[in-house]
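Novice: Protein sequence lines correspond, in order, to chains A and B.
Per our numbering, the very first residue in the first sequence carries number 1; after that it's consecutive.
Per our numbering, the very first residue in the second sequence carries number 1; after that it's consecutive.
Worth flagging that the hints you see were computed from the coordinates, not collected in a lab.
Predicted model only: the values in this text are computed from it and were never measured.
A virtual CB, placed ideally from N, CA and C, is assigned to each residue, including glycine.
Hints should not be assumed to be uniformly reliable.
[Unchecked claim] Among chain B residues calculated to face chain A with C-beta under 7 Å, some are:
1. P43
2. A47
3. P48
4. Q50
5. A51
6. E56
7. V82
8. F83
9. T84
10. R93
11. D111
12. T194
13. L195
[To be verified] Capping the alpha-carbon separation at 20 Å, the derived lysine to aspartate or glutamate pairs in EDC-like fashion look like this:
14. A:K190 to B:D88
15. A:K364 to B:E78
16. B:K62 to A:E20
17. A:K364 to B:E87
18. B:K62 to A:E37
19. A:K364 to B:D126
20. A:K364 to B:E19
21. A:K190 to B:E87
22. B:K62 to B:E14
23. A:K364 to B:E17
24. A:K364 to B:E56
[Unchecked claim] Far from chain A, some chain B residues (derived; all Cβ distances over 10 Å):
25. E19
26. G30
27. E44
28. G49
29. D86
30. P106
31. G120
32. S123
33. T146
34. A156
35. A166
36. G172
37. A175
38. D186
39. A225
40. E237
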Amino acid sequence: MSGGEDVDVAPTETTNRDGETPVVDSAETTDETTVTEEGTELERTIGLTGGVAIGVGTMIGAGIFVFPGIAAGEAGPAASASFALGAVVALLVALPTSELATAMPRSGGGYYFISRGLGSLFGAVVGLSLWFGLVFASAFYLVGFGFYAQAVLQRAGVAFGDFSVVVPLAFLFGAFLTVLNVTGTENAAKLQNGVVAILLAIIVGFLTFGGLSSLGVIGDPEPVSEPFFSQGGLVVVNTAALVFTSYLGFAQVATVAGEIKDPSRNLPLAMVGSVLIVGVLYVATILVAVSAFGSQRLAEFGETAMVDVAESFLGPAGAVLILVGGLLATVSSANASILSTSRAIYATSKDALLPRVASRINLKYGTPHVALGLAGGPILALTLLGEAGVEILAEVASFLHLVMYGLMCVALLVLRREDPEWYDPSFRVPGYPVVPLLGALASFALIGFMNRASQVIGAGIMLVCLAWYFYYARDVTLKGAV
Amino acid sequence: MTDDTDWTTLVPVEVLEGETVPDSLVELLGPLPVVVLGYHVLPEQTAPGQARMQFEDRAQAKLAEIADAFRAVGTTAETQLVFTHDEDQTIDRVADETDTAAVLLPNPAGDVERLFVPLGGSSDVDRIAAYVAALVDDRSIAVALTHVTGEAGADAGQAMLDDAAATFRAAGVPADAISTDVAVSDEPLRTIATLGADHDAVVMGENQPSLRSFLFGDSAERVAAASLGPVLVVRNEPEEQADGEAADEDDEAT
């Protein structure tokens, strides 16, 4: 047993423009179910391995397979410090998120915590921004997929001349994933666990070999040495802001918090664990890659730089391994993000911040076709931004997530201060109040180091969400409605 | 072990898929309390709570209908509604939580006048006998005890069945209702299914440590599918159940 006792803080007279009210479950959490007031049970079916697989599977696509070239180009060898900084920020947020998640193990993750802790204004802005944040992230992963798919085709001897097929491939595959999620009722979760296991094996193998090689123990390539901060110190932080997209996955674990078994144990372990796993792998990958080629060569290789690095260590077999890994990783990230988007839309629609129809389930397939469409449509549109837009997609995704991360930390501080009766987390953040305070400050600060364009787009989206709240749902009350 | 057991039987029904419980099975289970488990399986794209929002009322109404049918024949019927990604985990869990003695695999059924009870070396004969006795109550339902074995085990099998028949009589099943039969076969499961098809319902013990593996593993599925009749699976004693559960703790059942 953990988490919420029955609480009846039912808000009054809280209808949106369509006259819908939030569906509030005064639910009780057990290790294996959520029991609603009416006695209906919602089974929890995702174990610890499944939770870690969601976190790692969402994150690993970007950090290892897309960013190394770009990041090395910006920050030089110190790109590894950028990834380390990102990991620290992610950890500072993952710990408070774990506390919130054990107190409120419900669908919707960050949105749910903020709407209950800080009220519906913040909730609406974050919930709707999260939708778009995930849309940007998914589009980013899909474009990453496009780069890998194109590289695979090129190596297979399919020639396109000078014409790049990255965007068409990203678009088509995005459409395919969306349709698959609407119509496919096969259980893909086991597949996801397998994919993550394969990826980890490929990456650890690559790092072992590359690490030995760059230490001069084996292999040919002469390690390249250059000053660590070759591009200066501050750019490390800018680059951290860019590559923070690689750390967005841990909060996706919280979006399925309502389906995690034994949530008080598994949620903190899955979130903190997945950040630690990918953080270590990212830093090691960059160190190895930079030592093999030097940061400028790496930057020239671009999004698929890792393929060239692996080829230098292991020959064509290495290239094939990384290409396969890149395809798997970007697909798994994109798919996990599409599913999280659908969960985010469900969570806001359930709370009457979006029309209820957005969470309708298709009778034939049992899938949320409206929400998946609301996820897939904008994602496809964004993939058209294409190659030039990769950094914008990544940064806007990070921007919108970082706002949520910062506010989650604030929500924790507020909840601890107000100490409502229903707030009874079984995991308490270590180092309170320093950790959540630092988490909030670091999240907001990182936004300041982004490109101007990303900041403008991100802020614009939040303003639109705010306007929607005042137009559609200003009377909805969510604070404390657990 | 048996005296304070109330032989509650779990009746899982995939309620929104139009599954229901045939009248004859309601009739058969009449003497025993039942828990009607309505469940709905969702693909992973869908949060269980999302389905609940849309389907709960309809599912509860159907579930109430089924429960009423049981109450109409004098049975105590509880209901439980679950939205899940994993039907095996749900049935297993609810069976544990409600201390059910047996689980029904529903299949279309006519009036049940003859029960087929396959017994193996590892069957908990005491428990199955007590369950069958409680089920048959004072009705005239024939109970066919059968042991399926290879050529060499025929004599030992008949001895085992004679002991079992005594246990069934002692448990309260009328002597004239019991028949015994040793079937010689190299493919016990297929034979059980074939013989089961000649009877109205099958009552069998849970052999594996986990109900999940038995219920939905190859064996029960083949018996239920091939005999085209209902199968009642008598669960092992609760203590043994606890072991199976601990082993399953981190099982990725999604």
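Novice: Each of the hints needs a verdict: does it hold here or not?
Specialist: Consistency of the hints with the structure:
{"no.": "1", "hint": "P43", "result": "4 Å, holds"}
{"no.": "2", "hint": "A47", "result": "5 Å, holds"}
{"no.": "3", "hint": "P48", "result": "4 Å, holds"}
{"no.": "4", "hint": "Q50", "result": "5 Å, holds"}
{"no.": "5", "hint": "A51", "result": "6 Å, holds"}
{"no.": "6", "hint": "E56", "result": "6 Å, holds"}
{"no.": "7", "hint": "V82", "result": "4 Å, holds"}
{"no.": "8", "hint": "F83", "result": "5 Å, holds"}
{"no.": "9", "hint": "T84", "result": "3 Å, holds"}
{"no.": "10", "hint": "R93", "result": "6 Å, holds"}
{"no.": "11", "hint": "D111", "result": "34 Å, violated"}
{"no.": "12", "hint": "T194", "result": "33 Å, violated"}
{"no.": "13", "hint": "L195", "result": "35 Å, violated"}
{"no.": "14", "hint": "A:K190 to B:D88", "result": "15 Å, holds"}
{"no.": "15", "hint": "A:K364 to B:E78", "result": "30 Å, violated"}
{"no.": "16", "hint": "B:K62 to A:E20", "result": "26 Å, violated"}
{"no.": "17", "hint": "A:K364 to B:E87", "result": "19 Å, holds"}
{"no.": "18", "hint": "B:K62 to A:E37", "result": "19 Å, holds"}
{"no.": "19", "hint": "A:K364 to B:D126", "result": "46 Å, violated"}
{"no.": "20", "hint": "A:K364 to B:E19", "result": "16 Å, holds"}
{"no.": "21", "hint": "A:K190 to B:E87", "result": "15 Å, holds"}
{"no.": "22", "hint": "B:K62 to B:E14", "result": "10 Å, holds"}
{"no.": "23", "hint": "A:K364 to B:E17", "result": "11 Å, holds"}
{"no.": "24", "hint": "A:K364 to B:E56", "result": "17 Å, holds"}
{"no.": "25", "hint": "E19", "result": "15 Å, holds"}
{"no.": "26", "hint": "G30", "result": "25 Å, holds"}
{"no.": "27", "hint": "E44", "result": "5 Å, violated"}
{"no.": "28", "hint": "G49", "result": "6 Å, violated"}
{"no.": "29", "hint": "D86", "result": "5 Å, violated"}
{"no.": "30", "hint": "P106", "result": "20 Å, holds"}
{"no.": "31", "hint": "G120", "result": "31 Å, holds"}
{"no.": "32", "hint": "S123", "result": "30 Å, holds"}
{"no.": "33", "hint": "T146", "result": "37 Å, holds"}
{"no.": "34", "hint": "A156", "result": "43 Å, holds"}
{"no.": "35", "hint": "A166", "result": "41 Å, holds"}
{"no.": "36", "hint": "G172", "result": "35 Å, holds"}
{"no.": "37", "hint": "A175", "result": "44 Å, holds"}
{"no.": "38", "hint": "D186", "result": "34 Å, holds"}
{"no.": "39", "hint": "A225", "result": "21 Å, holds"}
{"no.": "40", "hint": "E237", "result": "22 Å, holds"}
Hint compliance for this structure: hints 11, 12, 13, 15, 16, 19, 27, 28 and 29 are not met, and every other hint is.
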